[in-house]
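J.: Here are the chains, one letter per residue:
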Amino acid sequence: MHGFLLSLGHWLQTRSFALAVAESEWAYPFVQATHFVGLSLWVGTNVALDLSLLGVGNKHQAPARLSAALLVWNWVGFAIAITGGFLLFSASASMYVTNVAFLTKLGVLIPLALVLHIVNQRKVREWGFNPDPPFVAKVAGATELLLWLCVVTAAVLIPYAG
Amino acid sequence: MPVRVQVLKKVDFGNAGCSIPLGDFPNMLVHLGEWLQHNSVVVVLNGTAWTAAATEVVHYFSMFVLVGSIAIVDLRVLGVAARSQSASLLAERLFPWMWAALALNVLSGFLMFAGAALSYIPNSTFHVKVTVVLLAVVFGVIVQWGVPKWDHLPAIPAWAKLVALVSLLLWVGAIIAGVEVPALSGIG
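These protein sequence lines are chains G and E, in that order.
Position 55 of the first sequence, counted from 1, bears residue number 293 in the numbering used here, the numbering being contiguous throughout.
Position 121 of the second sequence, counted from 1, bears residue number 156 in the numbering used here, the numbering being contiguous throughout.
In case anyone wonders, no lab produced these hints; they're calculated from the structure.
The beta-carbon is built from N, C-alpha and C at its ideal position, and this holds for glycine as well.
Be careful, since some hints might not be right.
From the structure, some residues in chain E lie toward chain G, with a derived Cβ separation under 7 angstroms [claimed, not checked]:
| no. | residue |
| --- | --- |
| 1 | Thr83 |
| 2 | Trp85 |
| 3 | Ala88 |
| 4 | Glu91 |
| 5 | Val92 |
| 6 | Tyr95 |
| 7 | Phe99 |
| 8 | Val102 |
| 9 | Gly103 |
| 10 | Ser104 |
| 11 | Ala117 |
| 12 | Ser159 |
| 13 | Ile210 |
| 14 | Glu215 |
| 15 | Ala218 |
Which residues of chain G face chain E? A partial, calculated answer using Cβ under 7 angstroms [stated by the list, open to error]:
| no. | residue |
| --- | --- |
| 16 | Ala265 |
| 17 | Pro267 |
| 18 | Gln270 |
| 19 | Phe274 |
| 20 | Leu279 |
| 21 | Val281 |
The shape of chain G in the complex, shown without the other chains (with noise of 0.2 angstroms):
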């Protein structure tokens, strides 16, 4: 598994997009931006979203009717955001696939983080016509929030466990 990951990363680390990426002067921290862009429009409405199904700030609107709002660009930032963070993946393939805090990030919290926000996503339109959401959803809410600072924590730790 370990010998596949490190010759997958540098097959991909030597493509010529991600040697682009890599090599030149300004696409390096222009394509970070874009990563960061994208996360804003992602973990914003996420989190507004979250804090909607914990029951905070509902006075005016029930969760299901904001999370109907914010679907469409909920998704466009998550496009923008895994573009973006594929190209900076290509541009150094083989160190990420060995970083521990990488492999958390993308191996377990990432994938952990999403299906709830599906469930969420879905489940809201039973659960949130009520300002005071059920328990359930809470719990839910609050989990999927966690999750996320969980993926940004895996994240700023990369350079530490590199």
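Using the hints, position chain E against chain G.
T.: Frame of chain G, contents of chain E only:
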């Protein structure tokens, strides 16, 4: 383990001259930077691995919430997001998170700045970043102030859309400037 702490050295505040070559940059600012960077709380928080990492986590996470919240409101004013509901309802919903995130972002950012103040103070990319962020905050205030009024008009006026577009571009610019600080100067 990357440690941000700088080498401690004795600072003589009675001495108007500065031991660090920073050209003719105002001495007062340099002294403030020296004081900040050597402040014991700053040294401990930036020099301990877990508090330094936690500060970064808070800075990134709050930045996402801050920029995401205002961006959605800007996109709504521009007429491209969340058209199923009024701009003022969305703004009412998202602006509290935006301001709370801004507070956390400024607090964590200040701590990171303080840890390497003498490197940041003369750094022109950092000056650009701070200027763009301040302008973006001003535009955020204008949008928050304007949205309830614009919503009462038959259609959101073109100049209001321009304000929202500038606000959006300023935040994207702030992110670009933010990543250029380490990219161009290696600080942070």
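J.: It remains to establish, for every hint, whether it holds in the given structure.
T.: Status of each hint after checking the structure:
1. Thr83: Violated, because the Cβ-Cβ distance from Thr83 (chain E) to chain G comes to roughly 12 angstroms (cut-off 7 angstroms).
2. Trp85: violated, 10 angstroms
3. Ala88: holds, 5 angstroms
4. Glu91: holds, 5 angstroms
5. Val92: OK, holds: Val92 (chain E) within 7 angstroms of chain G, min 5 angstroms.
6. Tyr95: holds, 5 angstroms
7. Phe99: holds, 4 angstroms
8. Val102: Result: holds, 4 angstroms to nearest chain G Cβ.
9. Gly103: holds, 1 angstroms
10. Ser104: holds, 5 angstroms
11. Ala117: Holds: closest Cβ of chain G sits about 4 angstroms from Ala117 (chain E), inside 7 angstroms.
12. Ser159: violated, 15 angstroms
13. Ile210: This interface hint holds because 5 angstroms falls under the 7 angstroms limit.
14. Glu215: Given a least distance of 5 angstroms, the restraint on Glu215 (chain E) holds.
15. Ala218: At about 4 angstroms, which falls below the 7 angstroms cut-off, the nearest Cβ of chain G leaves the hint on Ala218 (chain E) intact, so it holds.
16. Ala265: With a closest approach of 10 angstroms, the Ala265 (chain G) hint is violated.
17. Pro267: Given a least distance of 4 angstroms, the restraint on Pro267 (chain G) holds.
18. Gln270: Cβ of Gln270 (chain G) sits 4 angstroms from chain E, so the hint holds.
19. Phe274: This interface hint holds because 5 angstroms falls under the 7 angstroms limit.
20. Leu279: Status holds, d = 5 angstroms.
21. Val281: Hint holds; Val281 (chain G) Cβ to chain E Cβ min 4 angstroms, cut 7 angstroms.
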